[in-house]
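Q: The listed protein sequences correspond, in order, to chains A and B.
Mapping of the first sequence onto the UniProt record's numbering: position 66 corresponds to residue 66, and the numbering continues sequentially without gaps.
Mapping of the second sequence onto the UniProt record's numbering: position 94 corresponds to residue 94, and the numbering continues sequentially without gaps.
Think of the hints as simulated: they come from the structure by calculation, not from any bench.
We put the CB at the ideal spot given by N, CA and C, even for glycine.
It is possible that some hints are incorrect.
[To be verified] Footprint (simulated), chain A over chain B, 3 or more residues, beta carbon under 8 angstroms:
hint, stretch
1, 71 to 85
2, 95 to 102
[Unchecked claim] Heads up, simulated DSSO-like pairs for lysine-lysine below, C-alpha to C-alpha not over 27 angstroms straight-line:
hint, chain 1, residue 1, chain 2, residue 2
3, B, K12, B, K36
4, A, K121, B, K27
5, B, K65, A, K16
6, B, K65, B, K27
7, A, K121, B, K65
8, A, K65, A, K27
Protein chains: 2
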Amino acid sequence: MADLTITEVSEKYHIKPDTLRYYERIKLLPQVPRSKNGNRYYPDELQSWIEMVVCLRHSGVPVEKLIDYAQMLQAGDATLDARENLLREQLAELEEKRHDLERSISRLQHKIHLYETGEIKQGKSYFSDYGIIDD
Amino acid sequence: MADLTITEVSEKYHIKPDTLRYYERIKLLPQVPRSKNGNRYYPDELQSWIEMVVCLRHSGVPVEKLIDYAQMLQAGDATLDARENLLREQLAELEEKRHDLERSISRLQHKIHLYETGEIKQGKSYFSDYGIIDD
DNA sequence: TTAGCACTTGGAGTTAAGTCCAAGTCAAGT
DNA sequence: ACTTGACTTGGACTTAACTCCAAGTGCTAA
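Go ahead and model the full structure; you've got the sequences and the hints to work with.
A: As structure tokens, then:
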């Protein structure tokens, strides 16, 4: 692992250069170092953080929470407890999200099954097809 | 289960009246019937569909896909295959989402564990705390 | 040295999905 | 009759998170 340019990071993590610059503007990233000509480069440390950000963003953790965490990281040990709390809160959010997702997946699977077996064809009127599956 | 007014539906499914009217405008709902005074009421059939919509929206299925499905439902049997396809596609999306979510949850759990055990305190510099856990 | 390309900046524009508002109507209660 | 409260409409506004643009700089290769 070595320093990468903005486009390299962009390709590695499937995130646009514009987004990387945006993340820096909003302080989701610390000041990104520049090479002699003024171009950004991303050392390992930064890449790891970006990797984490991309992962959590992909799961819907709001940018704002990540900024809060980033700010606290920079503030040092005084923020240890607050950081742990933030992580716990986000974990709880994601676990709820997972629960909702399981429900939706079951719903879709059930519905698809109805199509597969042709049961849906008996379909009465327009939306009747949408009875709730025991709750 | 019986006909409900807009506020009743709103309370039952934790969705604002404005959102219900919005859903109607964008054809995510069929024409909602009106009582003599012009107020909307929601019969069982509609409630089931709303319940489904709320569930899927909560898992991130885009409004547009739900509109497509709703339109196809109204179009009748000619759209059976297309409807099944749409459901399969959305199912695949949600399954991928679930995968991402699992990853994020593991990440957070691991990180929280580091805080719990005090391992994070040894923290080198700012973002070093973010090394990637074996991949 | 000139063309081309990757990068820089500040700022404007986009997209999805609501969310809110002002002005008006209607039925019920006092 | 008058106030209250729930509803109606069309349209404007908000929010989150990008995403794009124009104008400019600076290295690289022919």
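Q: To test your reading of the hints: which numbers does this structure violate?
A: No hint contradicted; all consistent.
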